[in-house]
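Enquirer: Which chain is which? The protein sequence lines are Z and Y, in order.
Each residue of the first sequence is one higher than the one before, starting from -9 at the first, in our numbering.
Each residue of the second sequence is one higher than the one before, starting from 1132 at the first, in our numbering.
To be clear, the hints were calculated from the coordinates, so they are not data collected in a lab.
Be aware that a few hints might be false.
Which bits of chain Z does chain Y cover? Going by a derived footprint, with three or more residues having C-beta under 8 Å, they are [as the list claims (entries may be wrong)]: (1) 97 to 110; (2) 191 to 197; (3) 216 to 222; (4) 226 to 235.
Glycine included, every Cβ here is placed at the ideal spot set by N, Cα and C.
Below are the chains, spelled out letter by letter.
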Amino acid sequence: MKPAFSIIFFTVGSGAGLGLLALAALLDLAQAGGVASPALWRSALLGLVLVAAGLASSTLHLANPRNAWRSLARVRTSWLSREAALSLALFPAAGLYIALEARGVAGAGRMLLALLTVLLSWGVLVCTAMIYASLKPIRQWHTLWTPVNYVLLGHWSGALLLAATAGAYGAAPPWLLMAAGGLGAIALAAKLAYWTAVGRGAPTTLAHAIGVDRGVRGPGASPAAQARLLDVGHSGGTFLTGEFLFVLARRHATLLRAVALVFGFALPLALLIAGLAGWHGVLALAACCMMGLLVERWLFFAEAKHTVRLFHGDART
Amino acid sequence: MKLGLVIDLDTCVGCHACATACKEWNASSKVSGALSDYEPFGAHPSGVWFNRVRHFEVGEYPESKTVNFPMSCLHCADAACVTVCPTGASYKRADGIVLVDQEKCMGCNLCAWACPYGARELDEVPGTMKKCTLCVDRIYDVLLPPEDRQPACVLACPTHARMFGDFDDPESEVSKVTAERGGFALLPELGYAPVNRYLPPRQPAAVVGAEETRALLDRGLASLASPAIRR
Chain Z
-9 MKPAFSIIFF
1 TVGSGAGLGL
11 LALAALLDLA
21 QAGGVASPAL
31 WRSALLGLVL
41 VAAGLASSTL
51 HLANPRNAWR
61 SLARVRTSWL
71 SREAALSLAL
81 FPAAGLYIAL
91 EARGVAGAGR
101 MLLALLTVLL
111 SWGVLVCTAM
121 IYASLKPIRQ
131 WHTLWTPVNY
141 VLLGHWSGAL
151 LLAATAGAYG
161 AAPPWLLMAA
171 GGLGAIALAA
181 KLAYWTAVGR
191 GAPTTLAHAI
201 GVDRGVRGPG
211 ASPAAQARLL
221 DVGHSGGTFL
231 TGEFLFVLAR
241 RHATLLRAVA
251 LVFGFALPLA
261 LLIAGLAGWH
271 GVLALAACCM
281 MGLLVERWLF
291 FAEAKHTVRL
301 FHGDART
Chain Y
1132 MKLGLVIDLD
1142 TCVGCHACAT
1152 ACKEWNASSK
1162 VSGALSDYEP
1172 FGAHPSGVWF
1182 NRVRHFEVGE
1192 YPESKTVNFP
1202 MSCLHCADAA
1212 CVTVCPTGAS
1222 YKRADGIVLV
1232 DQEKCMGCNL
1242 CAWACPYGAR
1252 ELDEVPGTMK
1262 KCTLCVDRIY
1272 DVLLPPEDRQ
1282 PACVLACPTH
1292 ARMFGDFDDP
1302 ESEVSKVTAE
1312 RGGFALLPEL
1322 GYAPVNRYLP
1332 PRQPAAVVGA
1342 EETRALLDRG
1352 LASLASPAIR
1362 R
């Protein structure tokens, strides 16, 4: 898949924002000691701003944005529609919650809004990931690991941002940094498990796609005969070649995976464990993590192989 | 009703008449509007096509065979493009045809990602997704003589490799020929239940005897010999 930067910025930024929002609201609900309320509402606000920026970025991907409002029309069947609807519900709920918390208004109403914010944030995370995971023609996306990874990565980057904001407006208690590190370790494990699972998956072959096993072969050829593209039928590029025929050399993929792992996980985790102090340091770690996640998301697109590639020269997906 | 096409891979010669006829018909069709061409007289011409013919080679010499493979929307019974569309622009009619409502589409490309067969293309000029309409404006046009109320690609094919009809009618040409020739669907394991069927090439029975077979093999014409004797 051709990696579209508007979508990459959207999913990474919005994912971090949703994770941050959910964690800030959760800490408020749990009345966890050590993280001051001024830090929490500012964290939540930063999260909401990131989500808004991400969603705005995603509309750049539309070829006919004047119909974007119609994307709420099919919540019964479409994950994109569900994501749009939940995002829309998230803004008034989270906005009101942040306003109440900033004013210092306590009580059941604020707690209810906090809970709603958490649930809606999780809902948007899951719906966004399911847009990709529901696509059967792309086997690298069609796995439970896709939503699992997306939710974990959003919470890992969100946790780093929360720790930075908490440090800036009060203090980031040690348990918060440890919890962030724990989330990071789980997210790293899940990412590695995803790459392993995809590496082991069964590809679709061109021979199967054009029905060699159903008789599309010469007399005397076996049903296990291979097929190859002779002529794609057009002398120039098409929408399909532009959208789906992204080529990524294996050595580039390996290097980029290493970059994603180092900047997205290894470096931030190592420095957290080393006891990096000060909110400036943690903020730098959060930025480093997001850089790594941008590379990870780019790879998520670049390494995806749609079945239509079989009709354009690939032997298998 | 389950309207769809049958494409005979045995008689298709890969001439692209169906692809060209489709483009020509849709240039004046109100259903999707004209299919845009980008730089048609320039250095890198490209454009929107609903029907594309690709050419594959199956097997190794001397058992190799060239297969010409026209591909357009298969009008799936459980179309993924309809399920994922957030605006409802992509929809399936009661007669089975899957269409894109050009007034509603926002050009998000998700239907193109969901379609395993590459049936949907973005037209950059209006910014909407377009696909084969099964010539819905031809098949119901009472001003056309009955024999012309078929998709343009079906009428244009010089080898009669394309057939149109209702798969829900067991007496229709498409149902009968699918049953006789073992017509198959593409990538059925994905669960989208494509309606269009492809007929595999006929496998002629060898009529040569043992002596002639030996002679053919010596001349390197193994593909004309009986597989049973060769084994």
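Enquirer: Which of the listed hints are not met by the structure?
Expert: 1
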